[in-house]
Amino acid sequence: RPALRRDEVSFSRPRSTEFFRAAETLATMMYRMSTAQEPFFETKAMEYDVDPYILADKLCAIESTLTTQLDSSDFGQKLLRAYRSLVIFGTVFVEENYRLIGMSPFGRVLPVTDFIPRSMLQVAFDRDSLDINEADWVSTEDLYSSAGLMALGRDADKLGQEWDKAALEKAAKEVTRFEDINDHVRARLIRNGYSTPLKASNRKVLTFYRGKLDTLNDGLEYVAAVVNGKHLIRFHANNLQHGLRQIRIAKWVDFELEPRGLGLGDLLGNKHKEMDGNMRRTVDGAVLATYNLWKVLRGGGVDINDMNSLVPF
Numbered sequence: 139r140p141a142l143r144r145d146e147v148s149f150s151r152p153r154s155t156e157f158f159r160a161a162e163t164l165a166t167m168m169y170r171m172s173t174a175q176e177p178f179f180e181t182k183a184m185e186y187d188v189d190p191y192i193l194a195d196k197l198c199a200i201e202s203t204l205t206t207q208l209d210s211s212d213f214g215q216k217l218l219r220a221y222r223s224l225v226i227f228g229t230v231f232v233e234e235n236y237r238l239i240g241m242s243p244f245g246r247v248l249p250v251t252d253f254i255p256r257s258m259l260q261v262a263f264d265r266d267s268l269d270i271n272e273a274d275w276v277s278t279e280d281l282y283s284s285a286g287l288m289a290l291g292r293d294a295d296k297l298g299q300e301w302d303k304a305a306l307e308k309a310a311k312e313v314t315r316f317e318d319i320n321d322h323v324r325a326r327l328i329r330n331g332y333s334t335p336l337k338a339s340n341r342k343v344l345t346f347y348r349g350k351l352d353t354l355n356d357g358l359e360y361v362a363a364v365v366n367g368k369h370l371i372r373f374h375a376n377n378l379q380h381g382l383r384q385i386r387i388a389k390w391v392d393f394e395l396e397p398r399g400l401g402l403g404d405l406l407g408n409k410h411k412e413m414d415g416n417m418r419r420t421v422d423g424a425v426l427a428t429y430n431l432w433k434v435l436r437g438g439g440v441d442i443n444d445m446n447s448l449v450p451f
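Under the numbering used here, the first residue of the sequence shown is numbered 139, with each subsequent residue one higher.
Certain hints may be false.
Said to hold, decoys possible - Derived pair list, reagent style DSS-like, types lysine-lysine, alpha-carbon separation capped at 25 Å:
#1 Lys342 with Lys308
#2 Lys389 with Lys368
#3 Lys196 with Lys216
#4 Lys368 with Lys342
#5 Lys303 with Lys368
#6 Lys389 with Lys409
It should be emphasised that the hints constitute simulated quantities derived from the structure, not laboratory data.
Please model the entire structure based on the sequences and the hints provided.
In structure tokens form, the structure reads like this:
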């Protein structure tokens with residue numbers, strides 16, 4: 139074990155809960171404010187030359203469909219998770235994928251636009267941009283099992299998604315060598331519980347890129363997905379009618395020329411370390427006082443100067 143600095147010498151390692159309390163208070167407050175009025179949307183007719191009763195039925199059906207989609211995709215739970223990530227990191231990425239959700243044991247499925255908050259640890263973007271919303275590219279990185287990769291192409295035809303099924307099958311069958319995985323990804327695998335090379339080798343790294351390509355230089359937005367850095371399983375120009383990426387980006391404290399927002403970690407991280415240090419010294423002082431470590435018999439032959447090295451302050 140490496141030697142501790144003098145300001146680190148301590149018998150305890152207490153952590154203050156103020157950071158968690160601040161993040162949870164802000165996140166839940168934002169969630170309550172944004173969902174205070176349910177439903178938080180309303181459908182309006184663009185034309186009024188239709189029978190009002192028929193129009194009302196159509197609008198009611200649209201609202202009911204949207205409500206069902208939000209409930210089925212656990213939108214509320216994911217929105218709260220997005221707010222938690224937002225106040226901590228200052229920026230949150232939310233992926234909006236089109237997918238099918240099972241609604242009954244009889245095979246009924248419901249197509250929904252999902253709402254998936256992504257951790258900042260899984261997202262990369264063009265750091266040369268002054269605003270993250272204007273970044274030339276954004277990519278995400280996930281860990282998939284072989285079965286998970288094959289599932290990507292299962293509903294591709296129904297959803298109109300352009301997965302290369304032959305490349306998916308080839309990537310799924312390939313054995314991943316632990317030493318070939320990027321060092322940063324390997325460290326994240328170990329932190330996530332894949333503690334042995336055998337466990338980590340069962341996972342495939344899927345990198346999903348959205349943005350422009352300098353090699354083509356045509357100004358178009360492209361979508362590309364690569365497994366383990368070599369299997370191209372999806373590649374096409376953005377075919378969405380609105381032309382936007384399937385990722386929403388929100389920032390908490392938008393400051394000056396910072397591409398991403400500032401969160402509690404940026405604003406109060408050092409202050410929290412000071413609070414931890416003060417709590418540590420308080421606890422250690424109480425422990426030393428409880429065990430009466432400072433009492434020394436006069437005739438015990440103990441030199442007080444020899445005890446200086448034991449003092450943790």
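Each hint, compared with the structure:
no.	hint	result
1	Lys342 with Lys308	12 Å, holds
2	Lys389 with Lys368	33 Å, violated
3	Lys196 with Lys216	29 Å, violated
4	Lys368 with Lys342	11 Å, holds
5	Lys303 with Lys368	15 Å, holds
6	Lys389 with Lys409	22 Å, holds
Hints 2, 3 from the earlier list are contradicted by this structure; the remaining hints agree with it.
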